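Colleague: Taken in order, these protein sequences are the chains called A and B.
Mapping of the first sequence onto our numbering: position 122 corresponds to residue 138, and the numbering continues sequentially without gaps.
Mapping of the second sequence onto our numbering: position 97 corresponds to residue 493, and the numbering continues sequentially without gaps.
These aren't lab readings, by the way, just hints derived from the structure by calculation.
Predicted model, so just to flag it, every value in this text is computed and none were measured.
One should not assume that every hint holds.
[To be verified] Listed next, the stretches of chain A that the computed footprint assigns to chain B, with coverage defined by at least 3 CB atoms under 8 Å from CB atoms of chain B: (1) 40-54; (2) 66-78; (3) 107-120; (4) 150-157.
[What the hints assert, rightly or not] Have a look at the derived ranges for each label pair, beta carbon to beta carbon: (5) B:Ala426 with A:Lys144: 28 to 38 Å; (6) A:Ala50 with B:Pro482: 16 to 26 Å; (7) B:Pro482 with A:Lys144: 28 to 38 Å; (8) A:Lys144 with B:Tyr520: 19 to 29 Å; (9) A:Met161 with B:Arg523: 22 to 32 Å; (10) B:Ala531 with A:Lys144: 28 to 38 Å; (11) B:Gly721 with A:Gly95: 47 to 57 Å.
No residue lacks a Cβ here, since even glycine has one placed at the ideal position from N, Cα and C.
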Amino acid sequence: MTQEISPHRRKGWMSLLASADAARLETLFARLDAPPAHEWLRVPETGGVMVRGRTGGTGAPFNLGEMTVTRCTLKIAGGTVGHGYVQGRNKRQAELAAKLDAMLQTDAAEQVEERILSPLRTERAARKDARAAKAAATKVDFFTMVRGED
Amino acid sequence: MYVAVKGGERAIDNAHAWLAEERRGDTSVAELSLAQIREQLKLAVNRVMAEGSLFDPDLAALAIKQSRGDLIEAIFLIRAYRTTLPRFGNSRPVETADMACDRRVSATFKDVPGGQVLGPTFDYTHRLLDFKLAAEGELPEAPTAPPRREPTPHVTSFLRDEDIIQTEPDSDATPRDITREPVAFPADRATRLQTLTRGDEGFILGMAYSTQRGYARNHAFVGELRIGTVAVEMEIPELGFAIEIGEIELTECETVNQFTGSKTEPPQFTRGYGLVFGQTERKAIAMALVDRALRWRELGEDNVGAAAQDEEFVLSHCDNIQATGFLEHIKLPHYVDFQSELELVRKLRREATAAQEAAE
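Here chain A stands alone, though its shape is the one from the complex (with noise of 0.2 Å):
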């Protein structure tokens, strides 16, 4: 049964696939009550995305390289489908992310949320902080020496 969600909330899921670590993603998707099969609409496929930065940081676009990103598109058991899309050229991790966005549409929303989704988000924070805090630690504090002038 497919239900009805916001593209925010999609866009919260597939987002944090896309930069999952691709072993820890597998690791945990193992944690799941019987995965359903699916058949392919779309095999995973490598290409490119072209990568744009602006002039100045807020001026017009520019074309700045490209990245790896990895997709598929796949139908589970019940119809819904799902898309995968993901960084680097891991055809496995595309998969995966494309079975769970299909998951989380359905029923089984709460099982991928509570065993995956909430885990992967938890250790992604805490990777952010972890460099955050290195950074914040090298942050120059100026002092003025005070001459004895009066």
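Dock chain B against the given chain A, drawing on the hints supplied.
Modeller: Just chain B now, kept in the frame of chain A:
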């Protein structure tokens, strides 16, 4: 002129077999893994991604291993690979204002919101060889402090609020893509920036240095240098909305340069811009200086005839793959070309000798 020549297959096969052996080196020394290259030679990986124009650290590590550490050869391998990839689309312009900064410094303002964050820098090291690195050993954990979670505003945004720096045009125009159509002159700024960001670091550095030494001097201050990760968003047609397709590391440099003014506009600072894949700050600073020098026309400055102002010179010669391809092809067989030259010189010499003898 090239003429098909048969022969040499066995010599070529044997040369490549020996190359593979030399690449491996002494087999009593452990083989390098791609993960080791990716993690421990990260700045080389970054350079290969930036100039190869493809963000994929694993592929860049493979290219470095395959090329025996010859980074231009590695960049060549990445450029060749990227031509085989189908293009899925274009990202939305990345929001560098939302960058999770590992490093962020300004040479123009001491006290900026977000502060001066040094990050993992070589600056202030003594450039003395550290023989401790010759031995393996555990490292102490880097110190930490409460992390900053909110975005760090761009330094130039403060100058913009005061209206004393030139603003960038607010535009969403589709930029030209040099991987799809050849560069035409005069080139627009998007074309110049795309060419510079994948240009050879040494060439861009030399050009930037020439502006500092007086060839089209533009008095650059590093308004801001930031290194960190940004999310890359792309519109997904089958969904009808954009998702983040990944995260990339970038270095961004904004220079604040000599002011201009005119009858209609009061004096204002101008800007140069550098944005490069990975932690690549020498390249990003150099790119910003060269970008600024190339903007003489749009800023109403004089062309003083400096190399860094000549966009045809800079853009046509900064690509190390184009340059190396043309440079190195002259070592390949040119037997027929040379035969004809040889014949010509012999003929000229015969004629000269005959004329001399006749005169005597």
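Colleague: Please go over all the hints and tell whether each is borne out by the structure.
Modeller: These are the hints, each one checked on the structure:
no.	hint	in the structure
1	40-54	violated (count 0)
2	66-78	holds (count 13)
3	107-120	violated (count 0)
4	150-157	holds (count 7)
5	B:Ala426 with A:Lys144: 28 to 38 Å	33 Å, holds
6	A:Ala50 with B:Pro482: 16 to 26 Å	35 Å, violated
7	B:Pro482 with A:Lys144: 28 to 38 Å	31 Å, holds
8	A:Lys144 with B:Tyr520: 19 to 29 Å	26 Å, holds
9	A:Met161 with B:Arg523: 22 to 32 Å	27 Å, holds
10	B:Ala531 with A:Lys144: 28 to 38 Å	33 Å, holds
11	B:Gly721 with A:Gly95: 47 to 57 Å	52 Å, holds
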